[in-house]
Amino acid sequence: MKSLLVAEYRDGKVLGSIGDLLGFAARVGGDHVMFMVGSEAALPPYTGKLYLADAAAHGEYRPGVHKQLLLAVIEKEQPDLVVFSHSSYGWDLAPRVACVLGFAQVSEVVDYVDNTPVVPVCNAKLRRTVAVKSKGAVLTLQAGAFGLSEPPSGSPSVEKVQIDGADRVEFLGYEAAEAGGIDLSKAEVIVSAGRGIGKAENISLIADLAKALGGEYGASRPVVDSEWAEHDRQVGTTGQTVAPKLYVACGISGAIQHLAGMKKSDFIIAINTDRDAPIGDVADVLAVADLTKLVPVLVEKLNAR
Amino acid sequence: MKILVCIKQVPDMESKFKVAADGRWYDTADLAWRLNEYDEYAVEQAVLVKEQGGDTDITVLSIGPDKVKEAIKKALAMGCDRGVQVVDNEVSQREPLEIAGIISRFAKDKGFDLILTGMQSQDRGSAQVGILVAEMLDMAGVSTVVGFSLAGAKLELKRELEGGVKARVAVTLPAVVTCQLGLNTPRYPTLPNIMKAKKKELLSLPVSDLLQAEPRQQTAKVYFPEKKGGGLILEGEPAELADRLIQIIKEKTAVLA
Numbered sequence: 000m001k002s003l004l005v006a007e008y009r010d011g012k013v014l015g016s017i018g019d020l021l022g023f024a025a026r027v028g029g030d031h032v033m034f035m036v037g038s039e040a041a042l043p044p045y046t047g048k049l050y051l052a053d054a055a056a057h058g059e060y061r062p063g064v065h066k067q068l069l070l071a072v073i074e075k076e077q078p079d080l081v082v083f084s085h086s087s088y089g090w091d092l093a094p095r096v097a098c099v100l101g102f103a104q105v106s107e108v109v110d111y112v113d114n115t116p117v118v119p120v121c122n123a124k125l126r127r128t129v130a131v132k133s134k135g136a137v138l139t140l141q142a143g144a145f146g147l148s149e150p151p152s153g154s155p156s157v158e159k160v161q162i163d164g165a166d167r168v169e170f171l172g173y174e175a176a177e178a179g180g181i182d183l184s185k186a187e188v189i190v191s192a193g194r195g196i197g198k199a200e201n202i203s204l205i206a207d208l209a210k211a212l213g214g215e216y217g218a219s220r221p222v223v224d225s226e227w228a229e230h231d232r233q234v235g236t237t238g239q240t241v242a243p244k245l246y247v248a249c250g251i252s253g254a255i256q257h258l259a260g261m262k263k264s265d266f267i268i269a270i271n272t273d274r275d276a277p278i279g280d281v282a283d284v285l286a287v288a289d290l291t292k293l294v295p296v297l298v299e300k301l302n303a304r
Numbered sequence: 000m001k002i003l004v005c006i007k008q009v010p011d012m013e014s015k016f017k018v019a020a021d022g023r024w025y026d027t028a029d030l031a032w033r034l035n036e037y038d039e040y041a042v043e044q045a046v047l048v049k050e051q052g053g054d055t056d057i058t059v060l061s062i063g064p065d066k067v068k069e070a071i072k073k074a075l076a077m078g079c080d081r082g083v084q085v086v087d088n089e090v091s092q093r094e095p096l097e098i099a100g101i102i103s104r105f106a107k108d109k110g111f112d113l114i115l116t117g118m119q120s121q122d123r124g125s126a127q128v129g130i131l132v133a134e135m136l137d138m139a140g141v142s143t144v145v146g147f148s149l150a151g152a153k154l155e156l157k158r159e160l161e162g163g164v165k166a167r168v169a170v171t172l173p174a175v176v177t178c179q180l181g182l183n184t185p186r187y188p189t190l191p192n193i194m195k196a197k198k199k200e201l202l203s204l205p206v207s208d209l210l211q212a213e214p215r216q217q218t219a220k221v222y223f224p225e226k227k228g229g230g231l232i233l234e235g236e237p238a239e240l241a242d243r244l245i246q247i248i249k250e251k252t253a254v255l256a
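Respectively, the protein sequence lines represent chains A and B.
Using numbering that gives the first Met the number 0, you'd call the opening residue of the first sequence number 0 and step up by one each time.
Using numbering that gives the first Met the number 0, you'd call the opening residue of the second sequence number 0 and step up by one each time.
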């Protein structure tokens, strides 16, 4: 078994998802090599062969060019598995590579049992094992599913790759995250609102509870998309990653993207009407209740202390 | 401008799911079905392009059994011009490559300038189909789009990356764009538009005419994940629950010290 791990680089840095790639490689065993479009000034912590294409020459988001670079490396290395992160980079590039290569692509892999990828279905309410019928497979790994217990280290032996490729997608630049005053990563207590709060006005309940516990309030993606809360309060893969002492998830079902942003919290309380909601898998305590009834009472009792 | 919007019908994710008798998908009986949330943004974006003016024609396509006509009719009521159902009772067992193969076979030689779809479905969530269609039709493909601006044949897009960062990119049509949540605000169909939609063309094609890609994977088994357990489940009246939660917060965390 040989894996080609596709590391990600953005704006001068190797992204942290490399820990998942290495954790996965350790899990499946066998040989592995790595590929990255990046820079020699920022090499990934990796002991092994790294095929490095220069981001300045090949562009940070030029999927057609990155595809050609990867295909050249694949031709040389003949891997059984081509492994991406399930991220904005991976889900754009992986299908292009799989399509050309004749490999099956299995997305959002959360487990790998007996050489079989396992993926979530329906917001992680169900799981699905996938039988691969092609000679190899392209996988994208769910963030955090294959993490390492210790940060990766080491220096790669670099082999440079380059091509003269054109692309129809023109990269114009990055736009930074909206600058906001709220840095949830520093909050010791976060009370977050999910779609289950039902309406915009109920944000005040969540804010009141956060205040009563001496913390900040956050929100899941649907709440931010509905404009019930500002983007700088969003917790999850496209928002902030947090690790407070106490996280209270109100009306949050527990989509994987949200869990990835908060599951490192020290203590997690979930308030949800659905006792089978996936948030229950990470919560230390699940209060099965209507938050609009429970939260006001909780706030009153906390404030009366 | 000719636009194709590819949509999927999915169950409401709040449903109580059951595993199907063959163990390879969820049981589709007794579920409430809706238009895949990501695809609503694709439909809305197509209609917004049409509203920019010019001669624009929007075809909306969905693959599946007869009930997918409901999703198609919603898209027609939102403003698409014609619907196509690819009749396929086995759709839930098709892998993304087969789905993309059906779409690209349909779209080939029809001269679509823009193909829009959601970035993923809510049930299967593979996030592959749109980009595969772009590859198969040899068109530019941009995924995970949260910003869309079309001027002439030039499209400026914002892709959503992790951590709130966006990448700005440009492509010249024809192109395939996959839509992320938050791209726009999908409209609710009005009653007059629902009535008008009933008169719009809705063509049905057998999947056998369009199926081309050989599957490279298949679902082996669908099952409920083991509950990790360990977590305490509390039930009761609000006042009693509140007292217990405060007690637990005091005992297990330092935040109420």
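Hints are supplied without guarantee of correctness; some may be wrong.
[Unchecked claim] Residues from chain B shown here face chain A by an in silico Cβ test under 8 Å; the list is partial: (1) A169; (2) L172; (3) L190; (4) I193; (5) K195.
[As the list claims (entries may be wrong)] Computed far set for chain A versus chain B, every beta-carbon distance over 12 Å: (6) T46; (7) A56; (8) E76; (9) K185; (10) A288.
It should be emphasised that the hints constitute simulated quantities derived from the structure, not laboratory data.
Every residue gets a Cβ at the ideal spot worked out from N, C-alpha and C, and that includes glycine.
Checked hints:
1. A169: Because about 4 Å separates B:A169 from the closest Cβ in chain A, which is inside the 8 Å limit, the hint holds.
2. L172: violated (10 Å)
3. L190: Hint on B:L190: violated, closest Cβ of chain A at ~24 Å, above 8 Å.
4. I193: At about 24 Å, which exceeds the 8 Å cut-off, the nearest Cβ of chain A leaves the hint on B:I193 violated.
5. K195: violated (28 Å)
6. T46: Fine: 26 Å to the nearest Cβ keeps A:T46 off the interface.
7. A56: Check passes; 18 Å lies beyond 12 Å.
8. E76: holds (20 Å)
9. K185: holds (14 Å)
10. A288: violated (6 Å)
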